[in-house]
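2 protein chains.
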Amino acid sequence: MAIHYPNGKKYTLTPNKTPSTTYGNRGMTLEEDLNVTNAFYRDRGICLIHKKPTPVQIVRVDYPKRSAARITEAYFKKPSTTDYNGVYQGRYIDFEAKETRNPSALPLQNFHEHQIQHMEQVKAHNGIAFIIIKFHNEGTPYLVDADLILDYWKAQDSGGRKSIPKKIIIANGQTISIGLHPRIDYIKAVDAIYF
Amino acid sequence: MAIHYPNGKKYTLTPNKTPSTTYGNRGMTLEEDLNVTNAFYRDRGICLIHKKPTPVQIVRVDYPKRSAARITEAYFKKPSTTDYNGVYQGRYIDFEAKETRNPSALPLQNFHEHQIQHMEQVKAHNGIAFIIIKFHNEGTPYLVDADLILDYWKAQDSGGRKSIPKKIIIANGQTISIGLHPRIDYIKAVDAIYF
Chain A
1 MAIHYPNGKK YTLTPNKTPS TTYGNRGMTL EEDLNVTNAF YRDRGICLIH KKPTPVQIVR
61 VDYPKRSAAR ITEAYFKKPS TTDYNGVYQG RYIDFEAKET RNPSALPLQN FHEHQIQHME
121 QVKAHNGIAF IIIKFHNEGT PYLVDADLIL DYWKAQDSGG RKSIPKKIII ANGQTISIGL
181 HPRIDYIKAV DAIYF
Chain B
1 MAIHYPNGKK YTLTPNKTPS TTYGNRGMTL EEDLNVTNAF YRDRGICLIH KKPTPVQIVR
61 VDYPKRSAAR ITEAYFKKPS TTDYNGVYQG RYIDFEAKET RNPSALPLQN FHEHQIQHME
121 QVKAHNGIAF IIIKFHNEGT PYLVDADLIL DYWKAQDSGG RKSIPKKIII ANGQTISIGL
181 HPRIDYIKAV DAIYF
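For the protein sequence lines, the chains are A and B, in the order given.
Note that my numbering has the first sequence beginning at 1, numbered continuously upward.
Note that my numbering has the second sequence beginning at 1, numbered continuously upward.
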């Protein structure tokens with residue numbers, strides 16, 4: 001089913017494509033940094049985690065002679081899972097990365113129902129599920145277990161907040177150290193929480 | 001990089017789209033059957049396994065007013081991993097499904113280098129990696145540990161066979177029971193081999 005989300009994520013703010021002064025002047029989005037980090041982890045044999053491809057509904061494909069098949073009509077689909085998964089020390093690892101321009105809280109509208117359900121299922125199957133969160137006004141991302149998001153998500157129905165305060169994220173999560181190699185060394189935070 | 005593989009898999013034979021008399025007359029491909037099976041497993045809380053989206057390089061997108069963003073130029077990319085992964089009893093599960101029209105052996109050209117490397121890495125991280133193989137001339141698929149494919153793959157360099165005989169697959173693998181719900185009950189074979 002085609003839907004109207006240009007990047008498959010209705011509520012995620014568009015990552016800053018221009019060089020950012022708040023994030024090491026590299027102009028990298030959180031996603032780009034995580035992709036480079038995951039490649040580093042794979043090369044070093046630390047863990048095996050990939051970003052899933054963006055789901056696309058393909059409607060029409062041309063097959064020109066002697067050149068690559070060309071998709072000429074397709075639509076973005078809503079992902080049914082989180083974006084990243086893989087294996088670390090035999091355990092199943094699953095996470096979602098979120099950037100927000102909000103300086104003091106992570107709006108829950110950054111998530112959609114499918115992602116919430118998926119994270120619940122990962123926990124039910126004894127997998128490791130977490131979120132990496134980056135606030136636009138600072139360089140350091142945080143890692144929190146998915147339970148924090150699941151708790152806040154459920155509390156909305158009984159009049160709870162529509163966002164998770166940054167101080168709650170800091171109190172319940174781990175600060176991720178950033179550097180050059182790897183850029184976002186989140187596996188240390190995984191070690192601290194789960195191993 | 002755009003490449004000339006209409007379905008992202010150069011060597012996989014096109015699954016039979018017409019009703020098949022050899023496979024329960026349902027006209028379903030192995031992939032379709034696995035998707036239905038995985039949905040069944042998820043609904044029952046047995047395991048949480050998804051097929052990864054087909055990787056696509058998006059070149060041009062139109063954003064018409066008041067309707068869905070439309071991809072007007074894109075190309076198939078070679079997948080960097082296997083097609084299926086997820087979690088079962090906390091363990092990381094990773095597999096590839098292959099159909100072949102060859103009645104007596106699985107040609108190794110059904111795999112590409114990236115998939116082989118990925119399966120090796122999964123094993124190195126203590127994940128569970130296997131292949132589900134369906135020969136076109138019979139209904140029953142087989143499940144074999146990835147090591148069998150990795151062994152044959154490596155042996156090619158020293159003059160080994162270019163395919164894995166079906167009798168070797170049967171001797172080293174598990175026969176998967178097929179039915180209506182679930183269609184391809186591969187988790188029983190996983191239990192038998194890994195748990």
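The hints are simulated quantities; they were obtained by calculation from the structure and are not laboratory data.
Treat the hints with care, as some may be off.
Calculated cross-link-like contacts (lysine-lysine; reagent style DSS-like; alpha-carbon spacing at most 30 Å) [said to hold, decoys possible]: (1) B:K154 / B:K52; (2) A:K51 / B:K166; (3) B:K77 / B:K123; (4) B:K167 / B:K154; (5) B:K51 / A:K77; (6) B:K65 / B:K154; (7) A:K188 / B:K188; (8) A:K52 / A:K188; (9) B:K65 / A:K166; (10) A:K65 / A:K123; (11) A:K52 / B:K167; (12) A:K51 / A:K77; (13) A:K51 / A:K188; (14) A:K166 / A:K78; (15) B:K166 / A:K188; (16) B:K51 / A:K123; (17) B:K154 / A:K77; (18) A:K77 / B:K167; (19) B:K123 / A:K51; (20) B:K166 / A:K123; (21) B:K154 / A:K188; (22) A:K166 / B:K166; (23) B:K166 / B:K65; (24) B:K77 / A:K52; (25) B:K51 / B:K123; (26) A:K52 / B:K123; (27) B:K166 / B:K154; (28) A:K51 / B:K167; (29) B:K154 / A:K78; (30) B:K162 / B:K52.
Distance windows between CB atoms, simulated [as the list claims (entries may be wrong)]: (31) A:K51 / B:G45: 34 to 40 Å; (32) B:A192 / A:G45: 27 to 33 Å; (33) B:R101 / A:I170: 29 to 35 Å; (34) A:G179 / B:H136: 32 to 38 Å; (35) B:H136 / A:I193: 19 to 25 Å; (36) A:T140 / B:K154: 18 to 24 Å.
Treat the numbers as computed from the prediction; the structure is a model and nothing was measured.
Even glycine gets a Cβ: it sits at the ideal position worked out from N, Cα and C.
*asked:* Checking each numbered hint in turn, tell me which of them this model violates, lowest number first.
replied: 2, 6, 7, 9, 10, 11, 15, 17, 18, 20, 21, 22, 23, 28, 29, 31, 33, 34, 35, 36
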